[in-house]
Amino acid sequence: MATSMTSELSSQPVTTGLAMEVENLSFRYGSDQRGRAWTLERVSFGVRTGEVLGIVGPNGSGKSSLLKLLAGLLQPRCGDIRLGGQSIGRLDPRAIARSVAVVPQDSAQVFPFTVAETVLMGRFPHRRAAWWSMGIGDETEQDLVCAQRAMAETDVMSLADRLMSDLSGGERQRVVIARALAQEPAMLLLDEPMAFLDINHQIELCTLISRLKAERQLTVVLVSHDLNVASQVCDRMLMLKDGQLCRMGPPEDTITPDVLRMIYGCEVVVDAHPQTGRPRVTMPVGPVRK
Amino acid sequence: MANGQATPTPLSAASSPAAPSIGAAASSDMRGQWQRTGALLTSRRWGLILSGLLIASLGMVTLCSRFGAASVPLGDMFQALMHALTTGEWDQASIGTSGVILLQVRLPRVLMGFLVGGSLAAVGVTLQALLRNPLADPYVLGVSSGAALGAAVTMLLGIGTTMALLPVLPLCGFAGGLLTLVVIYRLAQSQGRLPIHSLVLAGVILNAILTALIMFITSIMEPNRSAGLMAWLMGSLIAPGYPALAVLAGYAVFVLAIVMQKAQMLNVLTLGEETARSLGIDTERVKKQLFVLTALLTGAVVSVSGMIGFVGMVVPHAVRLVIGSDHRLLLPASVLVGGMFLVVADTIARTLFAPAEMPVGIVTALIGGPFFLYLLLWRKDRML
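Top to bottom, those sequences are chains A and B. Using the numbering used here, read the first sequence as starting at 1 and increasing by one per residue. Using the numbering used here, read the second sequence as starting at 1 and increasing by one per residue.
Source of the hints: derived by calculation from the structure; they are not laboratory data. You may find that some hints are simply not true.
Below, in silico cross-link-like pairs of lysine to any residue (SDA-like), each with a Cα-Cα straight-line distance of 25 Å or less [what the hints assert, rightly or not]:
#	chain 1	residue 1	chain 2	residue 2
1	A	K241	A	F196
2	B	K288	A	D92
3	B	K288	A	L73
4	B	K288	A	G30
5	B	K288	B	V247
6	B	K288	B	S219
In isolation and in its complexed conformation, chain A is listed as follows (with noise of 0.2 Å):
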């Protein structure tokens, strides 16, 4: 049902098994002086198609970067980020849009929108209005069918007449993700999805991210801050310090107190998780500095 990054890209065979190839990345800030440093450096990587990829690390070491990256929203100085095979440069916004959703961290809304305009907002990529329907009646069947369907997973069906600024924290991140899912992407970049939440929605948003994977067979990179919830949710991880790739595996490989260690600089406890197995981060008794 969701249209798949091949038929949209459809000239350019797919590299097996690989929605987005990183190749050489380098970004910076700012103009070309000298002296500032990278904010990614001679990043390389594969997302697989249909996983969910966890981008880690510290504060400051490139994720958010990294993900408007991958969105296209910032535009790499050196290296390629290819997209179902053609540079993600080369393409037309709207061709990313409708392979790409992002959830941005900062999801704040200034007019009164109501839930459902919010979510049909995600059809926008799609949407080929003639010059002389004076931008009224956009809506298609098609339009308000994935819509419908965006909402309806995302549980906020019942919420479609209410104003985002009415709604919770929790309420407005599934809003949000509705208008993602709205856009009928491939990929879904999350951005520190679980920043604003408490446990009871945290556990929601993962449920919903597996279930997505599941039924959409959608590829999912997000940004977290949150080692246990990136472990939990996640298939593999990759670990930024300092804008460079440091390691890059499944959870049981990446998520050990040695690797942490380099990442992190500090000690903490690993233990697995009583009923996924999967590596469980804790502070160890007092917290105790490098």
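Knowing the structure of chain A, use the given hints to seat chain B on it.
The following block gives chain B in isolation, referenced to the frame of chain A:
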């Protein structure tokens, strides 16, 4: 677009859990439900609200043409109008004194008020969406000050309104407005992008400088000419000739038609620049286009009516509170409400101390200011 009004099938929708696959038939029922709740703009609601406002606008224009220093009875009004329309004669001999007052003085003025008010509201809506700031209006960016300065310089040099060719003043208004816009854009732009906050800040500062320059020009002018300039600066509508009216209408229609095409884009832009770009909008390009268009319309409006404040800020805000934020409806509705607002304000300005008149800008400030304060004090939740 059919919206399933004919067959209301009440489902226990709100609580129904997410069905993994929703068929088209089932979905149309449920869609009807979440549309009927007012969650979404439907073609029907769009048509109803706009036709209602259109009728109200026509009524308001007619009604306000009646009032003035000399009152014209409604019957005479229609008679004179019909005569002028059918025969094409509208001199004093054929339609009488009251007919001349109506058709050559009052009606053009009321129509001008409607155009100016509607244009200011449209510019306000557009800038608010672009700046993601419900308080923005042409004055925040300093575009109207720039246009006013352009016009004031023209007046100082003595080539102003007295030139045989009318568009001298409006053209200098455009030039001033656009120049301000370019300067502001240069000031606020960094790293090839246009951050919204630095734009607003640049607008505020530039506004202060431009106002000082206008004040300077006023102070070095001859006293009786500077009084005229001051009155114009405070915002006043004069009865224009029909050609001038047509020129302004042309600009308004041109700009509105293009902005209306982008109504959906304005909706998405309010979500923030990054989100808008992730939804496939070339935000930098759209912003530039819309800023130029709004500057053009602001320049045209300021050159004919001076600095009329608060219409661009208060009208869209009030309309948004009542009909929602979807720009497909908000934009045309604000244009009509803005037009009516200014027509009423101008009627008050004309009649309150008749035969003396006060600048309509004073009236809009006295109506708009308290409303703005009300919003600020009691509706903080909806402000920011």
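Verification of the hints:
The straight-line distance between the Cα atoms of A/K241 and A/F196 is roughly 24 Å, inside the 25 Å bound, and the hint therefore holds. Taking the CA atoms of B/K288 and A/D92, the gap is near 19 Å; set against the 25 Å cutoff, the hint holds. Distance restraint check for B/K288 and A/L73: the Cα-Cα separation of roughly 18 Å lies within the 25 Å cut-off, and the hinted pair is therefore satisfied. About 22 Å separates the Cα atoms of B/K288 and A/G30, which keeps this hinted pair within 25 Å; it holds.
Taking the CA atoms of B/K288 and B/V247, the gap is near 24 Å; set against the 25 Å cutoff, the hint holds. Of the pairs offered as hints, the one joining B/K288 and B/S219 is violated, with about 35 Å between alpha carbons and a cut-off of 25 Å exceeded.
The structure is inconsistent with hint 6 alone, although it conforms to all the rest.
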